[in-house]
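Peer 1: What follows is the residue order along each chain.
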Amino acid sequence: NSKVIQTPRYLVKGQGQKAKMRCIPEKGHPVVFWYQQNKNNEFKFLINFQNQEVLQQIDMTEKRFSAECPSNSPCSLEIQSSEAGDSALYLCASSLGGQDTQYFGPGTRLLVL
Amino acid sequence: QQQVRQSPQSLTVWEGETAILNCSYEDSTFDYFPWYWQFPRESPALLIAIRPVSNKKEDGRFTIFFNKREKKLSLHITDSQPGDSATYFCAASVTNTGKLTFGDGTVLTVKP
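Going down the list, the protein sequences come from chains P and E. Number 8 in the numbering used here belongs to position 5 of the first sequence; there are no gaps in the numbering. Number 1150 in the numbering used here belongs to position 16 of the second sequence; there are no gaps in the numbering.
The hints are simulated quantities; they were obtained by calculation from the structure and are not laboratory data. In this text the structure is predicted, and so the values were computed from the model without any measurement. Among these hints, one or two may not hold up.
Pairwise CB distance ranges, derived in the manner of DEER restraints [unchecked claim]:
{"hint": "1", "chain 1": "E", "residue 1": "1137", "chain 2": "P", "residue 2": "116", "range": "18 to 26 Å"}
{"hint": "2", "chain 1": "E", "residue 1": "1150", "chain 2": "P", "residue 2": "54", "range": "46 to 54 Å"}
{"hint": "3", "chain 1": "P", "residue 1": "57", "chain 2": "E", "residue 2": "1136", "range": "20 to 28 Å"}
{"hint": "4", "chain 1": "P", "residue 1": "42", "chain 2": "E", "residue 2": "1202", "range": "31 to 39 Å"}
{"hint": "5", "chain 1": "E", "residue 1": "1185", "chain 2": "P", "residue 2": "116", "range": "42 to 50 Å"}
{"hint": "6", "chain 1": "E", "residue 1": "1142", "chain 2": "P", "residue 2": "42", "range": "15 to 23 Å"}
{"hint": "7", "chain 1": "P", "residue 1": "87", "chain 2": "E", "residue 2": "1162", "range": "34 to 42 Å"}
{"hint": "8", "chain 1": "P", "residue 1": "29", "chain 2": "E", "residue 2": "1205", "range": "30 to 38 Å"}
Computed cross-link-like contacts, DSSO-like style, restricted to lysine-lysine with a CA-CA straight-line distance of at most 27 Å [claimed, not checked]:
{"hint": "9", "chain 1": "P", "residue 1": "21", "chain 2": "P", "residue 2": "66"}
{"hint": "10", "chain 1": "E", "residue 1": "1245", "chain 2": "P", "residue 2": "47"}
{"hint": "11", "chain 1": "E", "residue 1": "1202", "chain 2": "P", "residue 2": "42"}
{"hint": "12", "chain 1": "P", "residue 1": "6", "chain 2": "E", "residue 2": "1191"}
{"hint": "13", "chain 1": "P", "residue 1": "47", "chain 2": "E", "residue 2": "1206"}
Where chain E lies over chain P, by a calculated footprint (3+ residues, C-beta under 8 Å) [unchecked claim]:
{"hint": "14", "stretch": "34–41"}
{"hint": "15", "stretch": "45–55"}
{"hint": "16", "stretch": "105–111"}
Ideal placement from N, C-alpha and C gives every residue a C-beta, glycine not left out.
Based on the sequences and whatever the hints tell you, model everything.
Peer 2: Listed below in structure tokens is the structure:
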């Protein structure tokens, strides 16, 4: 069973508002991934970290999305100005390394009104 | 171009039957193929995974068959149970990035 913790479980924001969600990876897992799963069950990779360093991120993430994984603090994903199309399930996953299994947290379900 | 494709979109089998879920991929550099299942209102959970060094991986009632030449794999669920009803996602990644590319999923319904 996954030990990745995500908060909050549900988040409701108005368009233009900031939305911030947090993730605590499984203990000992240095690699953290963020994915977006939309209402059609389509997954989109957003960004990943190894310890505090960004490994890879998509263009969308570079514009309105920001993320960080500070040492000794939860990782976070923030949407600066939410849009209706951002409504989705945001999943955090952690792993021991690039070649290892990713374990998903319960997700944060964002609804942008 | 979708990198990972799954078929069928939905599948219904009777309890005790074998369900076969298919997956194909485009990128020959993919070297890790996990299958995740997801129940309603839950997050994906790892079911079983395979690397191209093997052409078969078995775990209880779940077996992955892998064909590297054709870039295809399939998940066989024998003696299907109603509790197996879920959405199954085939995913693929390259070791040096770890980023998972998911298919669109197969919704499996097992009727008692």
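Peer 1: So, against the hints stated earlier in the document, which numbers end up violated here?
Peer 2: 1, 10 and 11
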